[in-house]
Amino acid sequence: MRSFRQRLGRFAATCPFPSIGKTARIVATCSTSMLLGAACVLAQDLPSVDKITAMKLFEVPSYCEGVVFDHDGKGYISWDKTLTEFQLDGTHRDFAVTGAPNGHKVLADGTHLVCDASQHAVLHLDRDGKPLAPASKECDGKPLRGPNDLTLDPQGGFYFTDPGESGKDKLIGTIHYVDTAGKTHLVASGLAFPNGIVLTQDGKRLLVGESQFNRVLEYPVLSQGKVGPMKVFADLPKNPSGKWEDNQPDGMCSDAKGNLYVAHYGMQQVQVLDPSGKLLRSYPGGNRLTSNVAFGGPKHDQLFVTGAIQADGKPGAVFRLDLGIPGRVILPTKK
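Reminder that position 186 of the sequence shown reads as 190 in the working numbering, one-by-one numbering, no gaps.
Each hint should be verified, as a subset may be incorrect.
Claimed, not checked - Lysine-lysine pairs mimicking DSBU-like chemistry, simulated, CA-CA at most 30 Å apart:
| no. | residue 1 | residue 2 |
| --- | --- | --- |
| 1 | 230 | 172 |
| 2 | 208 | 141 |
| 3 | 235 | 146 |
| 4 | 261 | 242 |
| 5 | 174 | 247 |
For the record, the hints were derived by calculation from the structure and aren't laboratory data.
Work out the full structure, taking the sequences as your base and the hints as a guide.
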């Protein structure tokens with residue numbers, strides 16, 4: 005069976021995408037192509053908040069996150085020790101059991117990258133959910149603390165966050181990059197729980213939610229795995245409770261126009277920011293504890309939201325927002 009390094013290298017070598025470079029082949033959709041998707045989203049505005057209802061798709065026993073879709077349109081979420089596969093009608097089944105799975109992406113060959121806090125690794129699973137050699141376990145000889153979320157880059161590598169025991173009073177959160185040779189690099193450090201992470205469509209900016217400071221950070225990408233000085237992309241709305249625990253940015257995704265969608269934990273909302281960081285909308289998240297977001301559906305214009313319905317983290321649920329806005333869903337080319 006091929007190693008993670010071989011699979012990731014194949015992804016980079018076989019994936020040209022003209023708007024980013026000859027080495028990337030990522031399919032982002034609105035009907036037929038990213039270009040058509042961008043064109044159709046430019047012709048319309050975001051729907052007003054009063055026209056959007058969060059519709060519950062299904063429940064799981066506890067808090068869930070890490071929503072992602074594969075090239076066949078199947079969705080996946082993470083909860084407790086379990087990865088669950090689901091269909092758009094809400095039917096679902098267990099896909100894999102790991103340790104504490106969270107952020108999740110699917111590679112071109114149908115294998116899976118999964119951040120797992122309890123295993124202190126970014127796991128690599130085959131198409132059937134069986135474990136392969138981990139994609140990342142250490143950086144510069146030091147074990148990872150607790151990987152949280154990840155984003156693929158057009159060259160075939162990926163970035164991931166490691167908040168591992170960090171916080172406002174313990175600024176040890178880090179961002180890492182795994183290259184196509186499988187080596188893990190330190191990208192940035194000194195953060196208060198780095199969480200959701202998104203690479204912009206042009207590959208020039210890395211956006212990272214810093215949960216305990218209720219903000220999204222921006223890093224200019226200088227080259228693969230190397231970034232320039234950080235700046236604040238956006239400070240997010242605050243909960244009237246005044247408690248920092250009640251307003252934390254979690255998972256993120258973007259639409260074809262470049263707007264950023266932020267699952268806002270504790271706010272029961274999804275915040276929508278334009279490419280400059282301006283707040284455009286605060287959509288209902290369905291879950292009280294909103295954890296993660298991803299575009300999916302037949303036209304990739306529905307936003308799926310994970311989290312938990314109650315403040316105690318039970319039950320977990322997946323909600324759907326019918327936005328009618330094409331998402332910049334990065335789908336692997338089917339092998």
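The hints, checked one at a time:
1. 230 / 172: Within the cut-off at roughly 25 Å; holds.
2. 208 / 141: 27 Å, holds
3. 235 / 146: 27 Å, holds
4. 261 / 242: OK: residue 261 and residue 242 at ~26 Å, within 30 Å.
5. 174 / 247: Holds, at about 18 Å.
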